[in-house]
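Taken in sequence, the protein lines are chains A and B. Add 23 to the 1-based position in the first sequence for our numbering, that's all there is to it. Add 15 to the 1-based position in the second sequence for our numbering, that's all there is to it.
Bear in mind the hints are in silico, worked out from the structure with no lab data behind them. Please note that the accuracy of each hint is not assured.
As the list claims (entries may be wrong) - Below are the DSS-like pairs computed for lysine-lysine, each with C-alpha atoms no more than 27 Å apart in a straight line: (1) B:LYS234 - B:LYS433; (2) A:LYS79 - B:LYS421; (3) A:LYS79 - B:LYS454; (4) A:LYS80 - B:LYS421; (5) B:LYS454 - A:LYS80; (6) B:LYS421 - B:LYS390; (7) B:LYS433 - A:LYS80; (8) A:LYS79 - B:LYS420; (9) A:LYS27 - B:LYS454.
Treat the numbers as computed from the prediction; the structure is a model and nothing was measured.
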Amino acid sequence: MNYKMIAYIIGQIVRVEGVLLLLPLATALIYGENTMAAFLIPSLAAIVIGTLMTLKKPANTSIFARDGFVTVGLSWIILSLIGALPFSISGEIPSYVDAFFETVSGFTTTGATILKSVEGLSQGMYFWRSFTHWIGGMGVLVFVLAILPQADTRSVKLMHVMRAEVPGPKVGKLVSKISRTAQIMYGIYIGLTFLQVIFLLAGGMPFFDSLLNSFATAGTGGFGIWNTSIAYYDSAYVDWVIGVFMLLFGVNFNLYYFILIGHAAEVFRSEELRWYLAIVGGATALIAFDIRGIFGNVADSVRYAFFQVSSIITTTGFTTADFDTWPALSKIILVLLMFCGACAGSTGGGIKVGRMLLLIKTGLREIKYMLHPRAVVSIKVEGKPAEPDTIRSASSYLVVYMMIFIVSLFFIEMIEECDLVTGFTAVAACFNNIGPGLGAVGPSGGFAGFTALSKLILSFNMLAGRLEIFPLLLLFSPSTWRRY
Amino acid sequence: MRIIIAGCGKVGELLTSYISREGHDVIVIDTDPQIIEDIVNEYDVMGIVGNCGSNSVLLEAGADGADLIIAVTASDELNIFCCMVAGKLGVKHSIARVRNPEYTEQMVFMRGEFGLSMAVNPEYDAAEEILRIIQFPAAIKIDTFAKGRVDLAEVRIDDGHPLCGRRLAELGGFYGVNILVCAVRRGDEVAIPSGDFTLEPGDVIHITASHSELVNFFKKLGIVTKRIRSVMIIGGGKIAFFLSRMLCEVGIKVKIVESDPERAAQLADLLPSAMVINGDGTDGDILIEEGIDDVDASVSLTGIDEENIIISMFAGTRRVDKVITKINHLNVMKMLSSIGLECIVSPKNISANNILRYLRGLGNTDGSSVQTLYKIVDGSAEALEFIASENFEALGVPIKDMKLKKNLLLACIIRQDKIIYPHGGDTIEAGDSVIVVTKSSGEALRDLGEILE
Numbered sequence: 024m025n026y027k028m029i030a031y032i033i034g035q036i037v038r039v040e041g042v043l044l045l046l047p048l049a050t051a052l053i054y055g056e057n058t059m060a061a062f063l064i065p066s067l068a069a070i071v072i073g074t075l076m077t078l079k080k081p082a083n084t085s086i087f088a089r090d091g092f093v094t095v096g097l098s099w100i101i102l103s104l105i106g107a108l109p110f111s112i113s114g115e116i117p118s119y120v121d122a123f124f125e126t127v128s129g130f131t132t133t134g135a136t137i138l139k140s141v142e143g144l145s146q147g148m149y150f151w152r153s154f155t156h157w158i159g160g161m162g163v164l165v166f167v168l169a170i171l172p173q174a175d176t177r178s179v180k181l182m183h184v185m186r187a188e189v190p191g192p193k194v195g196k197l198v199s200k201i202s203r204t205a206q207i208m209y210g211i212y213i214g215l216t217f218l219q220v221i222f223l224l225a226g227g228m229p230f231f232d233s234l235l236n237s238f239a240t241a242g243t244g245g246f247g248i249w250n251t252s253i254a255y256y257d258s259a260y261v262d263w264v265i266g267v268f269m270l271l272f273g274v275n276f277n278l279y280y281f282i283l284i285g286h287a288a289e290v291f292r293s294e295e296l297r298w299y300l301a302i303v304g305g306a307t308a309l310i311a312f313d314i315r316g317i318f319g320n321v322a323d324s325v326r327y328a329f330f331q332v333s334s335i336i337t338t339t340g341f342t343t344a345d346f347d348t349w350p351a352l353s354k355i356i357l358v359l360l361m362f363c364g365a366c367a368g369s370t371g372g373g374i375k376v377g378r379m380l381l382l383i384k385t386g387l388r389e390i391k392y393m394l395h396p397r398a399v400v401s402i403k404v405e406g407k408p409a410e411p412d413t414i415r416s417a418s419s420y421l422v423v424y425m426m427i428f429i430v431s432l433f434f435i436e437m438i439e440e441c442d443l444v445t446g447f448t449a450v451a452a453c454f455n456n457i458g459p460g461l462g463a464v465g466p467s468g469g470f471a472g473f474t475a476l477s478k479l480i481l482s483f484n485m486l487a488g489r490l491e492i493f494p495l496l497l498l499f500s501p502s503t504w505r506r507y
Numbered sequence: 016m017r018i019i020i021a022g023c024g025k026v027g028e029l030l031t032s033y034i035s036r037e038g039h040d041v042i043v044i045d046t047d048p049q050i051i052e053d054i055v056n057e058y059d060v061m062g063i064v065g066n067c068g069s070n071s072v073l074l075e076a077g078a079d080g081a082d083l084i085i086a087v088t089a090s091d092e093l094n095i096f097c098c099m100v101a102g103k104l105g106v107k108h109s110i111a112r113v114r115n116p117e118y119t120e121q122m123v124f125m126r127g128e129f130g131l132s133m134a135v136n137p138e139y140d141a142a143e144e145i146l147r148i149i150q151f152p153a154a155i156k157i158d159t160f161a162k163g164r165v166d167l168a169e170v171r172i173d174d175g176h177p178l179c180g181r182r183l184a185e186l187g188g189f190y191g192v193n194i195l196v197c198a199v200r201r202g203d204e205v206a207i208p209s210g211d212f213t214l215e216p217g218d219v220i221h222i223t224a225s226h227s228e229l230v231n232f233f234k235k236l237g238i239v240t241k242r243i244r245s246v247m248i249i250g251g252g253k254i255a256f257f258l259s260r261m262l263c264e265v266g267i268k269v270k271i272v273e274s275d276p277e278r279a280a281q282l283a284d285l286l287p288s289a290m291v292i293n294g295d296g297t298d299g300d301i302l303i304e305e306g307i308d309d310v311d312a313s314v315s316l317t318g319i320d321e322e323n324i325i326i327s328m329f330a331g332t333r334r335v336d337k338v339i340t341k342i343n344h345l346n347v348m349k350m351l352s353s354i355g356l357e358c359i360v361s362p363k364n365i366s367a368n369n370i371l372r373y374l375r376g377l378g379n380t381d382g383s384s385v386q387t388l389y390k391i392v393d394g395s396a397e398a399l400e401f402i403a404s405e406n407f408e409a410l411g412v413p414i415k416d417m418k419l420k421k422n423l424l425l426a427c428i429i430r431q432d433k434i435i436y437p438h439g440g441d442t443i444e445a446g447d448s449v450i451v452v453t454k455s456s457g458e459a460l461r462d463l464g465e466i467l468e
């Protein structure tokens, strides 16, 4: 493995994080808070260390799939380790494990919190907490790819890095140059975020709240800045704006690019998008009908049902109502949506609609094979025949996904001895990067009651969920580190 | 520029590697998903799986706004067709690989009617290169500039070679000839040498000089270069056909060994003045029977690299003066020089050079376009010929006052028929042909103005 090159790329990322830490520092300055040191120390340290690591570009810049995966896995862990420092230095989250959990939850856009009460943090910390969502949503390495000088991206084979970080069963480029692709993706990302801020401001939300809620929506993260999350604003306008934007950020970003270059017709031909919208529509209708008794009128039940469906399927995790108190049918629909997840190539987590489609089609094909053993059946995705490799990797992804899920659940239950609903949804909410689950970890609860060990297991789950398991799993495989 | 490469065989991949490194937007099309996957992992390009002759695939590749399409699939017809479709979709320039001699002959028609900008024929180009080597056996490889007025020769310095241990600055004075060593490969490193550079055994040097000076130089060195009068060609493919026709024209005796009786008969038909033998070229007895011991040069041109290597090694043991080997897979090149096979011809490489030259010509701004381009030293350096236009900003400026880029050498200036080896006081005038040698690590040179800082 090319350790020098891995260190070089990680150095770039550490340095970028150091620079990004200056933003919450500025926030603290504006609000005249005394948390400046908590941001300044990690920021300076990261910039200095990152600069030292990138001082000399290695002569041999070739990296392969393995190096790419290791780079991505390691950078996310290092990123979270550094990102947790401000919380623990300032003493606002005294335990470092708690701070680490909170930061991982931020970067992986989960939105699960260990804070009993969110209210009471300083503004700088609020900013950093929500900002980690925004950075993690599109990916730090993609950001580095976008700002790295072209000469660098041309000589280094970075496709492996990009593939490891962007979610979905198959990652393609928008344009021929990887740096340009990354720039376009970030451009769309920034544009949509900006648009949401404008919409929220128009609804009378204060600027600081608009910005932070937009960060959390864009990354499909879900850190609220009030204990009651979005319910605090108690405004139908805000609910609909955030609900729709969550849905938008759960769409494959390639489709926005098609719209930008004037191929809007192709967008609606996308099979994944149609299913995604159909699932959202169906689930909203079912839940709205199911909860009609709680809210009394149709408009409100649709509003709350839509918001929650949009929030869960995109794996954001904002709440406008305590859905733990909803009827069983609504709860099970929400739990199923947790696993379904958003579209590939979006900022959302979960298994992804596209991969689900592929798996279901593979399953149906198997039934056909049973009936007609000599049948030749091709599986089509987006109108094109799926390659055997794509099908194989989607199937094995599901298997590994289930294995990790079961093992994590086993350990959580063993350590916490909590009820099954709490344990199951805690793992599901972390692994799929959603945030709130049901029971003790429901919208009104949190992860504060868990032991440090459980928090680390759940942190692993969050990272594994965000990076689609393999980059992180490879770090723990001995053969990764063997020379041959 | 946005460039589409259709077909990702060996030429396609070589072009992808050269062009993507020059910073262009490259889109490759191939029908094999595995090949596309590998290419996209290896280079910063976009890959599309599909048939390059299809309208929708070309549109997906962005043909409506592309500047150039290079069609290098295995089929001539598909290449031509692909270029026609792409041309109609709005691609500005198109290059097709056309190998069938019957199509090559109607190139003028195709250019007019189909809108093809250029056709490359690797086999024909390879034959031309082999002919040059046969006509000048002292060099490993020989390329020409300025319509043949200047040669670029590649020469290997072995142990005991008269040039061993010489400083480059003394060469001119010592031998009284006008030559210039413009690039040296030592191990894996390539250097653009200054006068203080001392040659060591194992170096491979590139010399620019006029043809007569080069002959003179080798005479002075004491390397007797017997003229080659007879050639044995093993393998009767397209290159063999083109090469035999050229050799017969200059009066060199040709014997072709071809194992397929039908092809042998066809060759005998087409080439009345060449002797065609129907036999297996890998059979040593047949080669001995046909006189490999007495022939001046052998050229191994079968379709299989391994066979070519073995035949050439065999020819080497039978003391053939000049052994030339055709290699398709470029990755074996490095191994070959260590087993003593020096003269390697790779048709793919030659085509890639030609296409690259055309591409650089498209990008230039001041009209001093690239006339000739050779990638030398395994592609790590290049030699280019420009014609200085009126717009060149340093016309008439003495070279010592020009701020030239690093790792760049002005090898020759050709003014009318005079060859000038530039010194500090010389100038570049409009209309001059200028030969520049540069390491290819930096930005690619597209016009003469870019040699300046």
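Evaluated hints:
Proposed proximity of LYS234 of chain B and LYS433 of chain B is supported: the alpha carbons are some 22 Å apart, at most 27 Å. Straight-line distance between C-alpha atoms of LYS79 of chain A and LYS421 of chain B comes to about 21 Å, which keeps the hinted pair within the 27 Å bound. Of the supplied pair hints, the one linking LYS79 of chain A and LYS454 of chain B holds, its CA atoms being roughly 22 Å apart against a limit of 27 Å. For a cut-off of 27 Å, the pair hint linking LYS80 of chain A to LYS421 of chain B stands: about 20 Å separates their Cα positions.
A C-alpha spacing of about 20 Å is found between LYS454 of chain B and LYS80 of chain A, which places the hinted pair at or below 27 Å, so the restraint holds. Using a Cα cut-off of 27 Å, the hinted pair LYS421 of chain B and LYS390 of chain B holds, with the two alpha carbons roughly 18 Å apart. For a cut-off of 27 Å, the pair hint linking LYS433 of chain B to LYS80 of chain A is broken: about 46 Å separates their Cα positions. The suggested pairing of LYS79 of chain A with LYS420 of chain B holds, with an alpha-carbon distance near 23 Å, which does not exceed 27 Å.
Straight-line distance between C-alpha atoms of LYS27 of chain A and LYS454 of chain B comes to about 26 Å, which keeps the hinted pair within the 27 Å bound.
The structure shown violates just one earlier hint, number 7.
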